[in-house]
Amino acid sequence: MSHKARHRDHVRRRLKRRAEPGAAPGSLTVDPQAPQPVIRLLAYNAEKFIERDIADPQELRNFVGHWHVCWVDVDGLGDAHILEQIAAIFHLHPLAMEDVVNVHQRAKVDTFGERTFIVTHMFGLTDHLASEQVSLFLGPDFLITFQERPGDCLDPVRERIRKQETRVREADAGYLAYAILDAVTDHYFPILEGYGERLEALEDRIIALPDRAVVAEIHDMKRELLYVRRAVWPQREALNMLVRDEIPHISAETRLYLRDCYDHCVRIIDLLETYREVCSDLMDLYLSSISNRMNEIMKVLTVISTIFLPITFIAGLYGMNFDPGASPLNMPELKWRYGYPFALGLMALSSIGLVLFYVRRGWIGKGSDDRRAPPSSRESP
Amino acid sequence: MSHKARHRDHVRRRLKRRAEPGAAPGSLTVDPQAPQPVIRLLAYNAEKFIERDIADPQELRNFVGHWHVCWVDVDGLGDAHILEQIAAIFHLHPLAMEDVVNVHQRAKVDTFGERTFIVTHMFGLTDHLASEQVSLFLGPDFLITFQERPGDCLDPVRERIRKQETRVREADAGYLAYAILDAVTDHYFPILEGYGERLEALEDRIIALPDRAVVAEIHDMKRELLYVRRAVWPQREALNMLVRDEIPHISAETRLYLRDCYDHCVRIIDLLETYREVCSDLMDLYLSSISNRMNEIMKVLTVISTIFLPITFIAGLYGMNFDPGASPLNMPELKWRYGYPFALGLMALSSIGLVLFYVRRGWIGKGSDDRRAPPSSRESP
Amino acid sequence: MSHKARHRDHVRRRLKRRAEPGAAPGSLTVDPQAPQPVIRLLAYNAEKFIERDIADPQELRNFVGHWHVCWVDVDGLGDAHILEQIAAIFHLHPLAMEDVVNVHQRAKVDTFGERTFIVTHMFGLTDHLASEQVSLFLGPDFLITFQERPGDCLDPVRERIRKQETRVREADAGYLAYAILDAVTDHYFPILEGYGERLEALEDRIIALPDRAVVAEIHDMKRELLYVRRAVWPQREALNMLVRDEIPHISAETRLYLRDCYDHCVRIIDLLETYREVCSDLMDLYLSSISNRMNEIMKVLTVISTIFLPITFIAGLYGMNFDPGASPLNMPELKWRYGYPFALGLMALSSIGLVLFYVRRGWIGKGSDDRRAPPSSRESP
Amino acid sequence: MSHKARHRDHVRRRLKRRAEPGAAPGSLTVDPQAPQPVIRLLAYNAEKFIERDIADPQELRNFVGHWHVCWVDVDGLGDAHILEQIAAIFHLHPLAMEDVVNVHQRAKVDTFGERTFIVTHMFGLTDHLASEQVSLFLGPDFLITFQERPGDCLDPVRERIRKQETRVREADAGYLAYAILDAVTDHYFPILEGYGERLEALEDRIIALPDRAVVAEIHDMKRELLYVRRAVWPQREALNMLVRDEIPHISAETRLYLRDCYDHCVRIIDLLETYREVCSDLMDLYLSSISNRMNEIMKVLTVISTIFLPITFIAGLYGMNFDPGASPLNMPELKWRYGYPFALGLMALSSIGLVLFYVRRGWIGKGSDDRRAPPSSRESP
Amino acid sequence: MSHKARHRDHVRRRLKRRAEPGAAPGSLTVDPQAPQPVIRLLAYNAEKFIERDIADPQELRNFVGHWHVCWVDVDGLGDAHILEQIAAIFHLHPLAMEDVVNVHQRAKVDTFGERTFIVTHMFGLTDHLASEQVSLFLGPDFLITFQERPGDCLDPVRERIRKQETRVREADAGYLAYAILDAVTDHYFPILEGYGERLEALEDRIIALPDRAVVAEIHDMKRELLYVRRAVWPQREALNMLVRDEIPHISAETRLYLRDCYDHCVRIIDLLETYREVCSDLMDLYLSSISNRMNEIMKVLTVISTIFLPITFIAGLYGMNFDPGASPLNMPELKWRYGYPFALGLMALSSIGLVLFYVRRGWIGKGSDDRRAPPSSRESP
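First to last, the sequence lines map onto chains S, L, F, C and B. Following my numbering, the numbering of the first sequence begins with 1 at its first residue and continues without gaps. Following my numbering, the numbering of the second sequence begins with 1001 at its first residue and continues without gaps. Following my numbering, the numbering of the third sequence begins with 2001 at its first residue and continues without gaps. Following my numbering, the numbering of the fourth sequence begins with 3001 at its first residue and continues without gaps. Following my numbering, the numbering of the fifth sequence begins with 4001 at its first residue and continues without gaps.
I should point out that these hints are in silico values taken from the structure, not numbers from a laboratory. These figures come from a predicted structure and were not determined experimentally. Treat the hints with care, since some could be wrong.
Residues from chain L that face chain F, not an exhaustive set, calculated with beta carbons under 8 Å [to be verified]:
1) Pro1032
2) His1219
3) Arg1293
Cβ atoms here follow ideal geometry from the backbone N, Cα and C, with glycine treated the same way.
Just need the whole structure built from these sequences, with the hints factored in.
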């Protein structure tokens, strides 16, 4: 159950607002448990690039304006002072900075004058489903990304920047923003593939032998899909806005690429909705299978009971006191040497036969195990 | 059950219209049980502020026009005369005043000439879920708020006004309106967090051992979520209107802040819809768990019945009248000194064993308690 | 069941079209069972008013044009000739007149040149839920209302006209149309409050002891809500059209009032949808309660059966033929003086105990009553 | 079951496309089983009219252009040559002609230059629910209608043309198109009334004594409503397009009439959706009634079983071997002259009593009939 | 189950993305298992046509520009080099080429300067439901189609090109694009007809004797319909865009034809949605039939049990120890010569009777077969 517990914990922690309701807007109330910010600079133009870890935000002033594109990547949101310094250097709006720190924003695109502020969500599947808010500020020659913690799915983008003569090296900051959004969006696919496989496994289990744990698993999966869906739907709107509207620093050429990214996002939503429908169908399949099993159980009970009740009555009626004197056919077993053991044997045979029958059907043994949580197939992968 | 009873009472009282159908529009029919109005004035500019309790509405004329912003806060709607005086001083439209008094309006933004009329709903979670209508009138240099009763969530806003050099002190009445709407909107979050926790607790209970009270609780929660939702959806439309349309006395700068507030409102709706879906899923989980338990009960019945029916028949068949003379194996127990107590002992053992088995499964004891309401986990918090 | 039967009859009668499919449009085919028209005139200006019953429609020519506003109220649609005369006097379009007579129109606003034609539905809750179509024709200085039968909810409006210095006396015919629409719309509230109370009563019944009649009542209520909803939704569209579009003889001031009326209509729809959802939730609650009861019944059966089956087998096994000679412990009861009565007494005790147990649970007595319809709580109010 | 079988057959036959996928568009592939076309001409102006059966399409050239309006009514689509001749005379677009022949089009309005092409669906309820595609071509002074087979609901329209001084005689071809669309639309009402009555009958049956056939009937009705709905929804769009857009040969006056027709169509959809919801509610009602019956059955089983099991055990315990010598109270029945017949009589009484009880409840007799289809109430009307 | 396994395999393989998330956009990462491209050229004008297999893409330069229309059909996507050569010759955008290779795109229409890029999906029903992405590039005088593998439904189009004086020979490349889209769209009809027939067969099976395999089959069908639906909905949007927007190289005349194709697509969606609703209805029908069977089973159990329990008790009560001396009526059977065989015979008769009864009802025999998958009716067609 630890997968689920950790996912829950993750969700709960992110839901909690840092600022009190009614606090002044734009106030940076930092989560004390958040990791300390680590700043990494990647500045490049078509000819060369530099990559540097920045200790003091003020250093950034040496680079911005001198390179074609500066990518300032901040991992960790644990120090209000550092964040405020960066905001001051790049003229980032306080309302946007508040959204950077309160990591539970819906994906969106807001423009504050010459700065475009983009919020997106990156999903990672380590031992539990966890999401991380990535906030982007796009300026004329810089891109600033704020992430909740170190570790991301943007290494392929960095790799492409390091190589010469790639499109990203020749393009502007808007294209870099696209490249990051595209990497984040495409990262949903492997997660959804994982769900697709789990759904198929579940379907096979339900058809083979549905146990109680199936319901809990469908329920968990529905919840997680709901969680992913809540992240993806606004992403689609945000991308659509980037494609349709005139957003500062997004060129027409980049818009063509964003349209491609938007298509991917729509496909993700398609898949998500399909999986949600499949979840519901599996629940129906499970319920009908439960009903079927009930029918089966009742049939066994009815068949055996109704066969034995009348004949037990007949046996009771005559008390089986037939007069052995009237005929040698009248209950000779009673006089047999092994009459009683024979009767006991018959009883043992009937009981063992039925117990074996029930064990084979999984009614005994499995049945009592049902109450304990089965080893969830979800724990290991 | 008192939580629910009080919530119901609250809803019913608010639903009841004061004015008869067909009454002239704009007539102020006051609820006689409503609290008497208490007027509090907060007037400020960038340099100083005053805070005063107003006994006679006519006093207000001394302040309005002399300060940068006047915030007139009226708590309690129990005196038509006082309300009409205020309406006369500030030129408030009778139709809007009628909506102030009939506290069951949907959140909305209406403009009456130079006055902007905003209705919103503030939720409080004391011992039961209660909502309060807050009506705002926005003029060029004043803001009037009408609340149903004393006590609100606006103290942080007042605190910010009392401090110097806060943004609210420097901004206009439109910004004050935003600050109040923001405080009201953000106040939904702790309430929703409470629901989130109750849902998690419910889920754990259903998976552990679902009892009958679970259904009633899911039902109550669905109802309350429906109630909150009915309040929030129009709030979103109203905020959207404030962001998009040209509303008098709302500056472009304030509109930027309102956009942020609108985002929060959308997130609240997201959460609400998610919780509603989780409620439905929990109901499904519960129902499938009931079906599973039924299956389990039927399996026990079927297994035990069908094992004992055939052997009881065999025992009945031979009447167990085996001839002890034919063989010493034929029912020697009947001649034992403690034969009868031995048989009685066997019976007692079998009965006690089964009773213990059922008690452990919760079929006996718990089963009969089901009919009484269990100590609801909702009462205490 | 008479409430329901009458409601059904009402619906069926209204559904039946008078004109054959394919008949020429605009033909006035009057329902022969409809009441004869009664014409009442209310003519007024700011200074005075007259109120008169009109026998011959031609009399109307003496008033129209001479008063600020003439309200011609026609109750009953049973005479094609009279209706045609009125249509001729006021130049009403034949298509609109056809809609007046075929009383099953959706609420709507149509303009025919200088005449505005408005259809709305008035609900009354006498002994059954009945609706009545009210058709309004609005001209420059007159308003004509056609109702299906005498008796309506417009008396408060008439009262306001009779008083001097009310707004309605000073305003134009468009304002009168608003006043009537507002009275009709507000009249939905008491009906919905009635449904709210029935729903609460049902919920209490389901939680206390759900009987079969609950389902039928939920079903009836759903149907009636569906019926009301079908009337209200188009009303909302119609009101919206009156607020938004440029409709002849509706002034900007009146539009402000109509916006208020539109808000009420939206609130009614809100309530309706909420009640419909509550209905569905109650059905779920009922079904889960049925399942719970089934579980309970099965548990009793299983517990008692499985306890007695094994011990009955043991008793049968030994035939209880223990040899009393072998020991005084072997079945001394058989030799007791009151052995047989003692056994019979035991049996009676066990039977009576169980019967009492079932009566207390409501399985006996109530159970057989279930098949008859219980005294519906809906009949009396 | 023949009603259903014929309806199915009807649907299947219409679904089958005549042209192969990939065939050139506009190719007239005629269904060989379709009836031969019968052409009927109705030409009229305000003064006179002629009505004529046309054998050779070329004859039509003598009329078109010489009369105010020519209505060419073609019943039967079984001869590609004739259809092509008509298309040539009136310049009908090949794509439209293809749609005429492939009688499974959605209702729609297409304009091909000066020709307006309208598709609608006419429903008839003979012994099964059957629909027929009616295709209209509207030109400046002619209207051509193509129907699948002879027999339609347009006779009232013809009747109105034959009478002088009717509006249709004075109006243009666009008005004739309206008259036909109106007749077709209004023809849905009696069909829907039929469904309304069937639904009420079903509801009564479910509340009285639900049998298995009810489900199949609800299912059939749902399917048929789905089928009607699939025909009506596009009709609404088509009518809306005729009302809103500038369509050639549809005058402003006619548009007013079409708005009325559109209102009727919306009402039909309202009714349809209501009936579909009622169907779902009836299914719920049925299912809850099944659950209730199950509860009832289980209660009877539980009450009787649990009463007799303990006392049977007690009887078994003592083997009823009480010593008659110890007391005259000890089982005197065993010595009665009619002891055995008395016991047999008791048994017979108990059995007959229970059998009667079950017959009265409909568990015996009816129960076994359930498996056969009951005489469907739908066959006869 | 192989049908399903293969369909699953097909879906899974197509879902897997070739390019890693974060890879540079427009990179052609070819699936190594994809078939090698086979290029076929069809060049034509109104007078003549040539048809040629192309080994080296560079050959294409000899044709393009010299013919009225060149149709380059590429079957198989297994060689990045060849695809890139084609892209270079016709100036196809890298982003579009990436979509050609990643065969899981939603149907869409994108314009890249003078090239129109169309994605559609072709369904084939061989032994399992398989879809194939068809990508079209439309230029001024050429059309390039990329298919996943050889074999398609476009032969009728080729046939029409080979014939002289067909419309396609005289029209431009846009019309050819339409012809292909139309063939692909119309190819959905036979597939849907197949589903319609399967649904009817299922309905008959459920009404006759529902077995467990029915649920699995409904579930499979729902899934496949979901799969087809996911392909068709975007197709509709794409076609709508082609009809409404100004797309390069699509003439007004062709737009008329595309409107027809769009209508077909809407009809396909209509059918799909209908089938999906029928699927849900069938599931309900099945579940209610399961409940009915449960009721029936319980009735049999209850009737037989409750009849025999009381009489068995009576038999047990008297132990049937009636004194034969008191009367000759007292249990004479016990003294009969064949008393015991008679009793055994009675028992055998009762047992065999019940077993036959259950076999006839399908509770024995069929019942145990339920657990194995029945020979699916879907395998063979």
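Which numbered hints does this structure break? Those not satisfied come down to hint 1.
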